Amino acid sequence: MQKMNISTSPHISSLDNTSGIMLDVIFALLPATICGICFFGFHAALIIAVSVASAVAAEYIWCRAIKKEPSLRDLSAIVTGLLLGLNLPPTLPLWMAALGSAVAIVVVKQMFGGIGHNFANPAITARITLMVSFPTAMTTFVDPFVASDAVSTATPLSGNQQIPTDITGLFFGNYPGCIGETSALLLLAGGIYLVLRKVITPHLPLAFLASAAALSALLGENPLYTILSGGIMLGSIFMATDYVTSPPTKWGKVIFGIGAGLITVVIRHFGNIPEGVSFAILLMNILTPHITRLTTGKPFGTEVKQNEK
Amino acid sequence: MKNKERVLKPLGKIKGGIKVPHHKTTSEFESIVLAPPEKVTISMSQHIGAPCEPTVSVGDKVFVGSVVGDSAAFISAPIHSSVSGEVSEITTIRMPAGNEVKAVVITSDGEMTPDPEIKPPKVETVDDLVAAARASGLVGLGGAGFPAHVKLKPSEDKPLDTLIINGAECEPFITSDYRECMEHPEDILNGVYLIKKLLNIENVIIAVEDNKPAAIKTLYEIAADEKRDPADKVKLMKLKSRYPQGAEKVLIYSATKRKLPLGKLPSDIGCIVMNITSVSFLYRYIKTGMPLVTKRITVDGNAVLEPKNFIAPIGTPISYVLEQAKAENPEKVLMGGPMMGIAIYDTSLPVLKQNNAILAFTGNAAKSKPTTDCIRCGRCLRACPMGLAPASVDLAVKNPKVEELNALNVMYCIECGSCAFCCPAGRPLTAVMRLAKNEVRKAGK
Numbered sequence: 000m001q002k003m004n005i006s007t008s009p010h011i012s013s014l015d016n017t018s019g020i021m022l023d024v025i026f027a028l029l030p031a032t033i034c035g036i037c038f039f040g041f042h043a044a045l046i047i048a049v050s051v052a053s054a055v056a057a058e059y060i061w062c063r064a065i066k067k068e069p070s071l072r073d074l075s076a077i078v079t080g081l082l083l084g085l086n087l088p089p090t091l092p093l094w095m096a097a098l099g100s101a102v103a104i105v106v107v108k109q110m111f112g113g114i115g116h117n118f119a120n121p122a123i124t125a126r127i128t129l130m131v132s133f134p135t136a137m138t139t140f141v142d143p144f145v146a147s148d149a150v151s152t153a154t155p156l157s158g159n160q161q162i163p164t165d166i167t168g169l170f171f172g173n174y175p176g177c178i179g180e181t182s183a184l185l186l187l188a189g190g191i192y193l194v195l196r197k198v199i200t201p202h203l204p205l206a207f208l209a210s211a212a213a214l215s216a217l218l219g220e221n222p223l224y225t226i227l228s229g230g231i232m233l234g235s236i237f238m239a240t241d242y243v244t245s246p247p248t249k250w251g252k253v254i255f256g257i258g259a260g261l262i263t264v265v266i267r268h269f270g271n272i273p274e275g276v277s278f279a280i281l282l283m284n285i286l287t288p289h290i291t292r293l294t295t296g297k298p299f300g301t302e303v304k305q306n307e308k
Numbered sequence: 000m001k002n003k004e005r006v007l008k009p010l011g012k013i014k015g016g017i018k019v020p021h022h023k024t025t026s027e028f029e030s031i032v033l034a035p036p037e038k039v040t041i042s043m044s045q046h047i048g049a050p051c052e053p054t055v056s057v058g059d060k061v062f063v064g065s066v067v068g069d070s071a072a073f074i075s076a077p078i079h080s081s082v083s084g085e086v087s088e089i090t091t092i093r094m095p096a097g098n099e100v101k102a103v104v105i106t107s108d109g110e111m112t113p114d115p116e117i118k119p120p121k122v123e124t125v126d127d128l129v130a131a132a133r134a135s136g137l138v139g140l141g142g143a144g145f146p147a148h149v150k151l152k153p154s155e156d157k158p159l160d161t162l163i164i165n166g167a168e169c170e171p172f173i174t175s176d177y178r179e180c181m182e183h184p185e186d187i188l189n190g191v192y193l194i195k196k197l198l199n200i201e202n203v204i205i206a207v208e209d210n211k212p213a214a215i216k217t218l219y220e221i222a223a224d225e226k227r228d229p230a231d232k233v234k235l236m237k238l239k240s241r242y243p244q245g246a247e248k249v250l251i252y253s254a255t256k257r258k259l260p261l262g263k264l265p266s267d268i269g270c271i272v273m274n275i276t277s278v279s280f281l282y283r284y285i286k287t288g289m290p291l292v293t294k295r296i297t298v299d300g301n302a303v304l305e306p307k308n309f310i311a312p313i314g315t316p317i318s319y320v321l322e323q324a325k326a327e328n329p330e331k332v333l334m335g336g337p338m339m340g341i342a343i344y345d346t347s348l349p350v351l352k353q354n355n356a357i358l359a360f361t362g363n364a365a366k367s368k369p370t371t372d373c374i375r376c377g378r379c380l381r382a383c384p385m386g387l388a389p390a391s392v393d394l395a396v397k398n399p400k401v402e403e404l405n406a407l408n409v410m411y412c413i414e415c416g417s418c419a420f421c422c423p424a425g426r427p428l429t430a431v432m433r434l435a436k437n438e439v440r441k442a443g444k
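Just so you know, the sequences run in chain order A and B. Per numbering that gives the first Met the number 0, the first sequence runs over residues 0 to 308. Per numbering that gives the first Met the number 0, the second sequence runs over residues 0 to 444.
Derived by calculation from the structure, the hints in this document are not laboratory data. No experiment lies behind these values; they were computed from the predicted model shown. Glycine included, C-beta positions come from ideal geometry on N, C-alpha and C. Take these hints with a grain of salt, some might be off.
[To be verified] Chain A side only, calculated, beta carbon under 8 Å to chain B, not exhaustive:
#: 1; residue: Ser-13
#: 2; residue: Asn-16
#: 3; residue: Gly-115
#: 4; residue: Gly-296
[As the list claims (entries may be wrong)] Distance ranges between label pairs, derived from CB positions:
#: 5; chain 1: A; residue 1: Thr-200; chain 2: B; residue 2: Ala-71; range: 50 to 58 Å
#: 6; chain 1: B; residue 1: Pro-212; chain 2: A; residue 2: Lys-197; range: 25 to 33 Å
#: 7; chain 1: A; residue 1: Lys-66; chain 2: B; residue 2: Lys-397; range: 14 to 22 Å
#: 8; chain 1: A; residue 1: Lys-197; chain 2: B; residue 2: Lys-196; range: 44 to 52 Å
#: 9; chain 1: A; residue 1: Lys-2; chain 2: B; residue 2: Thr-91; range: 17 to 25 Å
#: 10; chain 1: A; residue 1: Phe-26; chain 2: B; residue 2: Ala-364; range: 22 to 30 Å
[Stated by the list, open to error] Calculated cross-link-like contacts (lysine to aspartate or glutamate; reagent style EDC-like; alpha-carbon spacing at most 20 Å):
#: 11; chain 1: B; residue 1: Lys-258; chain 2: B; residue 2: Glu-247
#: 12; chain 1: A; residue 1: Lys-297; chain 2: B; residue 2: Glu-414
#: 13; chain 1: A; residue 1: Lys-2; chain 2: B; residue 2: Asp-345
#: 14; chain 1: A; residue 1: Lys-2; chain 2: B; residue 2: Glu-327
#: 15; chain 1: B; residue 1: Lys-258; chain 2: B; residue 2: Glu-414
#: 16; chain 1: B; residue 1: Lys-368; chain 2: A; residue 2: Asp-15
#: 17; chain 1: B; residue 1: Lys-216; chain 2: B; residue 2: Glu-27
#: 18; chain 1: B; residue 1: Lys-366; chain 2: B; residue 2: Asp-345
#: 19; chain 1: B; residue 1: Lys-307; chain 2: B; residue 2: Glu-182
#: 20; chain 1: A; residue 1: Lys-2; chain 2: B; residue 2: Glu-322
#: 21; chain 1: B; residue 1: Lys-368; chain 2: A; residue 2: Glu-68
With the rest of the complex left out, here is chain B:
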């Protein structure tokens, strides 16, 4: 009886949102460890926050897990080598957003020798945990890449009562979090109990969309542990499969019925949200001391002949990943999911920490819907999880006036893409929202 109560129903109902095709082709494919490429390009900006500076120079010998970049800034995370070998170049690469960042190119010796100095950290207090999270290089693995230690650092005036583990994975195609649930469920739960204990958090909600029943079952069987959790505070929550269920604001509302106000952090309303793979990784780091040097990525899309989940060394060129999955004549390549991922023009770009998918498309899937006039059908209003009116912003942004854009509450937009997805006229509504937000930001400066 008690076990049954562990799988909770969502407290809040997602507002708006859209039904997206799932395309979770790779969900039952065991992850494959990708053979390391000859060279890896380690970007110095793999997180939200200050970019790192290289801490190595050309000719230096590095091992798997050696620090190659770091920053003194608080919102930042160190970067490690994913192969053993020699630093062959310090260069700059142009990221898909257009900005240039420094990168360390390492030529692999093929040995994959771990750094001899690596040893499991001693984690007994919350400060140890924060230090370990920083040293591990962990960033939010759901895609945003927010440094984990910043999230975990407790604040006196902001007591936390709920830890939400985000396993929603609402983006089509991506199954990397799902595979984590199936391959390392123990690590996830161990991580959960560790964070719960050290941060002294009362409730834990592990939230998974209901299109992944196997993950819910597996996690629930482990979570239903009377020895570790006698008070029964670690719960699973079966979320409705509806995009963007995994968006932080939507997820917090589903899990706790709390609404995150604009410009506030989850900690302001007593919550901490962590990606399910992040938690699992953090536990493995504390057990082994090996920092974040690989990432599971789903490789899929209609140009990929052999869709797979790869455990890829960070810094692996995307072209190499695509080759290994037998991608044929891709015309569009995405870093991340099809709803929020970034289209890249250059496949020599490296895999980043927060990448969870590389998708390659060809034919019609690589093209956008033709844009015609808005017919004011209202689909975008109904789809917007934030209750905004993208079609009105589409009109307002042509002759932008900041007061008007503010009256349309453009800053609330989470850029989930639901509006543009459902627009029958193919209007680039999400791009329009970004443009509008940019106008407001410019005026604020």
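Here chain A stands alone, though its shape is the one from the complex:
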């Protein structure tokens, strides 16, 4: 008798796998990455390379150290490193980028159990760590198309509203900022790609951007300015939609998005730090389990009573 393979049903599965999803995210980020490198030059490319490489290295070394099989094949370390790199200012010393990646992978991700177990977004938390550790380096921005050792400039978010940055410039990304956050156009294109590939649903980014725009309009600001400047586009499309740290339910995503949008604008408007996206996402990350519980519906067939006859 020939031995047959045995499995429990279902015996077929979709073609999706974790590395495929991560690869889609990397693809979606590529245009914005290339654009950022074109805008901010060779040093920006180095920062991204270093943050990706050190994220991968940190994952490998940590997993070897605790005798766990390194899961480099799922590409999630590359996504974390890339996202962190895109969230760094283009003049940052390279060792800081490396340190940030190590914090993201080791402290935020692996110490909580690795992929799928972290409660906060690794790249966001690493960025915040760098922000509070090296505030000057993390807020030194330069104009696009100038050498990276040029004099630093204020970002459109520095509170210095006289900076003549027009909406078109913001849309294409031609303004000082973190490497990958400036081109709203290319980030949106990446977001649309992810939605079409069904990697993410549009609920969370739309709720995030809409609530931020609405609150800033109430506060008398130009809502377009709010959603096109700073890290909100990158944050809402690529960071807040992180599977592990955002609710899986449709309404949960909407609540997360609204909360993050409102907190972002509140920090930007009333806080004494220029950007609030990272903190907004981190705060909502912490609320995610509660939002998920609140928005989990009843199973099919519990709310009957119609057509009882």
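Starting from the known structure of chain A, arrange chain B on it as the hints suggest.
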């Protein structure tokens, strides 16, 4: 104008569900009557409910349609010989689930002589119909194998208003119900009118997925009969092709917008659901008196060189069926569809009444996706037609606490496989749900 209204749109929209590859290679292949094998092994458990006891002994002469097993239990159905010949052995076989059941082995004389005592039953009342359904050995041919007479038996306090004919056939590969629609559409409609009349049911909905337009057209042309149905109560419904559209709870919701509560039967909400081939068979039985001795099975899969629909005698060894369809080095063989079927380790097992497919796979198709950590993508939540959270159950079941599993509503799971199908981390979520249900059942005892 009137005819147009006969093809209804679904009333309820399927929640969740998944897009599965259809692979309906065999849909245009006329069914082929399989030459009877030398020996058939008739299992005494081919239905949900009490297994039968053999009513014959070694050396007895039997004919096609002779009763070889029966049970006094209400939820059970008699079992008949599918060949003529001699009972050569009463044995036990191990079913894929691991349980042992009795089986009657019959050596065929090659004549296929029908039992001389077979004659069409007289069916004039609903009681006649229930008796006929039991005598025919009919079980739900969609795959579950629930004895048909139990379903048809009317209950005073549960009036039925809708008969739903399940022709969804949402499992990939399987085309046996579709072939029934194309080859015996008259029998289906005759069966429908008979059941409608005797059970005094007002509405009939014949539900077919929209990936089978030819079946919808054929059935609709016959259903559009003003003489038999002047009040226009027999309707066709074009279901969206989305797995698990044919699952009973999902189907009832699509057809009537009624939600079947946990632990209730369709009759509790005024519905009776029957598989399309079951209805057709029941009519043929009443016309000819020949009980359920053959079953149309789709033989397909990437290890099968000549995919076919066979009309196979029940009890035919699966290895024989595969041989006839030129299966080459199968590494995984399934009884039933790829979403809910059972993988068997032993191809000498016989074809059962409720089998609708034998699928054989080789290479990558015979392997499972490697399992990695859950990334909490939420695909399983969105796919679950019952609105459950398989990923949470996956965590909870590692250290099972019944209250926690109950809070996750695991008993609602219909084991359709949608969650595991769409999991990018290849986690065996459906198996996990079964495990969780088992924990809850154990605690209830």
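Checked hints:
no.: 1; hint: Ser-13; verdict: holds, 5 Å
no.: 2; hint: Asn-16; verdict: holds, 5 Å
no.: 3; hint: Gly-115; verdict: holds, 5 Å
no.: 4; hint: Gly-296; verdict: holds, 5 Å
no.: 5; hint: Thr-200/A to Ala-71/B: 50 to 58 Å; verdict: holds, 55 Å
no.: 6; hint: Pro-212/B to Lys-197/A: 25 to 33 Å; verdict: holds, 27 Å
no.: 7; hint: Lys-66/A to Lys-397/B: 14 to 22 Å; verdict: holds, 21 Å
no.: 8; hint: Lys-197/A to Lys-196/B: 44 to 52 Å; verdict: holds, 48 Å
no.: 9; hint: Lys-2/A to Thr-91/B: 17 to 25 Å; verdict: holds, 22 Å
no.: 10; hint: Phe-26/A to Ala-364/B: 22 to 30 Å; verdict: holds, 28 Å
no.: 11; hint: Lys-258/B to Glu-247/B; verdict: holds, 10 Å
no.: 12; hint: Lys-297/A to Glu-414/B; verdict: holds, 18 Å
no.: 13; hint: Lys-2/A to Asp-345/B; verdict: holds, 8 Å
no.: 14; hint: Lys-2/A to Glu-327/B; verdict: holds, 14 Å
no.: 15; hint: Lys-258/B to Glu-414/B; verdict: holds, 18 Å
no.: 16; hint: Lys-368/B to Asp-15/A; verdict: holds, 10 Å
no.: 17; hint: Lys-216/B to Glu-27/B; verdict: holds, 15 Å
no.: 18; hint: Lys-366/B to Asp-345/B; verdict: holds, 17 Å
no.: 19; hint: Lys-307/B to Glu-182/B; verdict: holds, 15 Å
no.: 20; hint: Lys-2/A to Glu-322/B; verdict: holds, 16 Å
no.: 21; hint: Lys-368/B to Glu-68/A; verdict: holds, 18 Å
Going through the hint list in order, the structure satisfies each hint without exception.
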